[in-house]
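Novice: Take a look at the letters that make up each chain.
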Amino acid sequence: MCLAVPGRIVTKEETVGVVDVRGNRLRAGLALVLEAEVGDWVLVHAGFAITTITPQDAAETNALLDQMEGIG
Amino acid sequence: MTGANVEQWKRDITAAAEAIPGSGQVVLMEICGTHTVAIRRSGLRALLPKRVRLVSGPGCPVCVTSQGVIDALVDLAGRDGVTVATFGDMVRVPGTRSSLERKKAAGGRVAICYSVLDALDLARKRPDQLVVFAAVGFETTAPGSAVAVEMARAEGLPNFAILSAHKWVIPAMDALLAGGEVRIDGFICPGHVSVIIGSRAYEPIAARYRRPCVVAGFSAEQVLAGVAAILKQLAAGEARVGNVYAEAVRPEGNPEALARIHRVFEPADAAWRGLGTIPASGMDLRAEFAEFDAARRLGLPWPPSEAGTSERGCRCGDVIRGAIEPHECPLFGRACTPVHPIGPCMVSREGSCQAEYKYGRA
Ligand code: SF4
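Residue numbers (my numbering), protein chains in the order written: chain A, 1058 to 1129; chain B, 791 to 1152.
Incorrect hints may appear among the rest.
To be verified - The calculated DMTMM-like cross-link candidates involving lysine to aspartate or glutamate, where the alpha carbons are at most 25 Å apart (straight line), are: (1) Lys1069(A) x Glu1046(B); (2) Lys1069(A) x Glu945(B); (3) Lys1069(A) x Asp908(B); (4) Lys915(B) x Glu1070(A); (5) Lys800(B) x Glu1117(A); (6) Lys840(B) x Glu1011(B); (7) Lys1069(A) x Asp911(B).
To be verified - Here are some chain A residues the structure puts well away from chain B; computed CB gaps all over 10 Å: (8) Arg1065; (9) Val1067; (10) Lys1069; (11) Glu1070; (12) Asp1077; (13) Arg1079; (14) Gly1080; (15) Arg1082; (16) Val1095; (17) Gly1096; (18) Asp1097.
No wet-lab data here; the hints were simulated from the structure. Owing to the predicted nature of the structure, the values given are computational and were not obtained by experimental measurement. Just so you know, even glycine gets a beta-carbon here, dropped at the ideal spot from N, CA and C.
Bound-form chain B, shown alone (with noise of 0.2 Å):
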């Protein structure tokens, strides 16, 4: 961030902080992990007057995978013929009994891709085995899931499966809104989802909890822009839908890639970690695909039980809902660091704890 540009926005937050009714603190979440590292490394919390503060939610797709999801994986990746397609930040999330980085130093397979493309090549590579993508993150990376799977019925390839733990970002904010365990007042939408679901999706959020809801881009700088909006309608007693980031997000999102996701997925109830299971916020596979479908090829029980999701004392629950600071879980930067990680949030590189041990509090 430029000098000049923070000195203004640090005038325009505290003023608008300032006009905001009442005395009591203001806190607004972020639901983005790319925000969540970038308010840590820019030290942009430190720039907020004390009113404000800003608490990361469920944003790291990683890390609000149930143990249920991953411990199915890790199942997956010990079986005869089976090959675990995945994004390198998934190998290294520890399983109730095992982790795929555990599972495959002991002779399973698990391939790390940077995308589904890569598995769908895997796939016509190696007819031998089932490659199966573990298919994780919100409506993001959900549209290239379900390209692959109409270009694996298309061709004609029988050894591809995936298995869908994507999810829906807007029923988890309704979540934690009607849950009303953690104060929010307003919400940093995170920008590359909103490039594709468009930032009128916000909109129900806005009207029925009365909260500002503003997409901002991935910089520090977005997200104060996106901090001093939320502010200055919180001070005008307003609640609406607004986005600092229209270069990349229409109102509208991508009609085709939404059109994507529908065609090949329907909502599904869907367990998340620290909030439960959420009604509608998950992406099954239709029964017209139920051939790429690993769960239902393979017979998974599924959805997955939510059981061993605070083993061993992480509180990655509590951190995601943003009940608690990354420090305030006993194990932090003691048991758990990022060469011994404990719970996926700090495994992921978009996690609230690695970022709060790499760049500190602030």
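Isolated chain A, as found in the complex (with noise of 0.2 Å):
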């Protein structure tokens, strides 16, 4: 419940968005990152997205996500 995973924004509709998690899709509270659009990598804990990162720094977690796969 402490982890957050990277996403990116598919889709946005005000507050509420759809973002893909490692290929998963899911929908995810947008309201906490007022600044995100579509395309923008977030971090996502428990259904909202908490704050933006780079496109680099999602690569980064993703790869060691795949290296730790089962941390929840």
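Got two chains here, separate frames each, mind docking them using the hints?
Specialist: Okay, here's the thing in structure tokens:
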């Protein structure tokens, strides 16, 4: 429950959107990242994007998550 | 972790540890369930010099939730017209008499959700039920609950409420240091909590108690980087806030998320398993959101009593304070396993007992 994972915003309607988290499309609240737009990378925790991150950081984090699959 | 990096970290850490004045143990506490798992899983403790000991603190949100809150949720799940919506790892936590899982098997209404947004959906679909979201978690999770409460109000959803057991991490750090029971020379601060509260939030702890506080991301390498940064500060006689997870954590945190928390919640004294009641460490709904507060709406005694925490010899409270290691609990691995957990520290994937059971002592 402490973990947040990178996701890319696919659609956005007001403050809720769909994010692609490592191939899975999940609904996510976007009210905490008002500046984020479709195509941006965010960290998603318990159904809410909690911050934007750069594509490079997202890629590095995803690589790490691949290594340690199963932590959550 | 890759070999070359590990060797470099080991050299850095060994050098810094040797440079710390004196010869006593140096104890660093992590307060994040994800760190706890990363440390155990990677066997990171075994890489550290003898002098440096890592200890897990109150970082698992399910574990620190008091028995009174668990009992209140179990009670609600048994009431006519009430559905308890909860994150999955809460359902197996044994309360004083039952758990959400057992209550459900006996006909109670318990819905597992991934997010508070699912609980809102459920309330929209089931106007005959009062859907009560079990709002546990630290600052990372609380903004979502705050957003959901405001969404419910905006759309006039009459059958949605939350039972708030959300907590602020920093008052717990303060209470641990003020209590003085467990030696703590520095804190490895939680990455994703810090995304919200910002690295600056630890400055009062670093200054008041002269303890380095370093924010680290969720991976074992990040934890190692955090350990190295803390040891270097200790060697130099410093006590500052550091941040090795700057890609996600800003000094000021996420101001919008903090504003959302403060708009909906107010600080309240709250009971933590193992730590007792800590002033201003909880988040109660403000009076203007009383209709979304399950405690007020259903007349639950709030805050709930702290009784029943060490039921059946479970020593989760001591584990959460870092006073004992999980294997020092006489029930660990015998009566208490992930299949038959006796306390929340064995139930939760982020609990110290489950992490040690799964990955060993190192
Ligand atoms: S091993 Fe089980 S009984 Fe012992 S402290 Fe951990 S969760 Fe509680």
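Novice: If a hint holds in the structure, say so; if it doesn't, say that too.
Specialist: Status of each hint after checking the structure:
Between Lys1069(A) and Glu1046(B), the direct Cα distance comes to roughly 18 Å. Compliance with the 25 Å bound is thereby established for this hinted pair. For the suggested pair Lys1069(A) and Glu945(B), the alpha carbons sit about 19 Å apart, so the restraint of at most 25 Å is met. For the hint linking Lys1069(A) to Asp908(B), the alpha-carbon distance of about 18 Å falls within 25 Å, and the restraint holds. Simply put, Lys915(B) and Glu1070(A) have alpha-carbon atoms about 21 Å apart, close enough for the 25 Å limit, and the pair holds.
With a C-alpha separation of about 22 Å, the suggested pairing of Lys800(B) with Glu1117(A) holds against the 25 Å cut-off. For the hint linking Lys840(B) to Glu1011(B), the alpha-carbon distance of about 19 Å falls within 25 Å, and the restraint holds. Of the pairs offered as hints, the one joining Lys1069(A) and Asp911(B) holds, with about 18 Å between alpha carbons and a cut-off of 25 Å not exceeded. At roughly 15 Å from the closest C-beta of chain B, the C-beta of Arg1065(A) stays outside 10 Å, upholding its exclusion from the interface.
Look at Val1067(A): its CB is around 16 Å from the nearest CB on chain B, clear of 10 Å, so calling it non-interface holds up. No Cβ of chain B comes within 10 Å of the Cβ of Lys1069(A); the nearest lies about 15 Å off, and the non-interface call holds. For Glu1070(A), the non-interface assignment is confirmed: its Cβ lies about 13 Å from the closest Cβ of chain B, beyond the 10 Å cut-off. The Cβ of Asp1077(A) lies farther than 10 Å from every Cβ of chain B, with a closest approach of about 16 Å, so its non-interface assignment holds.
Remark: the non-interface label on Arg1079(A) is consistent with the geometry, its nearest Cβ contact in chain B lying 15 Å away (cut-off 10 Å). With a closest Cβ-Cβ approach of about 16 Å to chain B, Gly1080(A) is found to remain outside the 10 Å limit, as its non-interface label requires. Against the 10 Å criterion, Arg1082(A) stays outside the reach of chain B, whose nearest CB is about 13 Å from its own CB. Distance check for Val1095(A) against chain B: the nearest CB is about 19 Å away, which clears 10 Å, and the non-interface claim stands.
No beta-carbon of chain B is positioned within 10 Å of the beta-carbon of Gly1096(A); the least distance is around 19 Å. With a cut of 10 Å on Cβ distances, Asp1097(A) stays outside the contact zone with chain B, its closest approach being about 14 Å.
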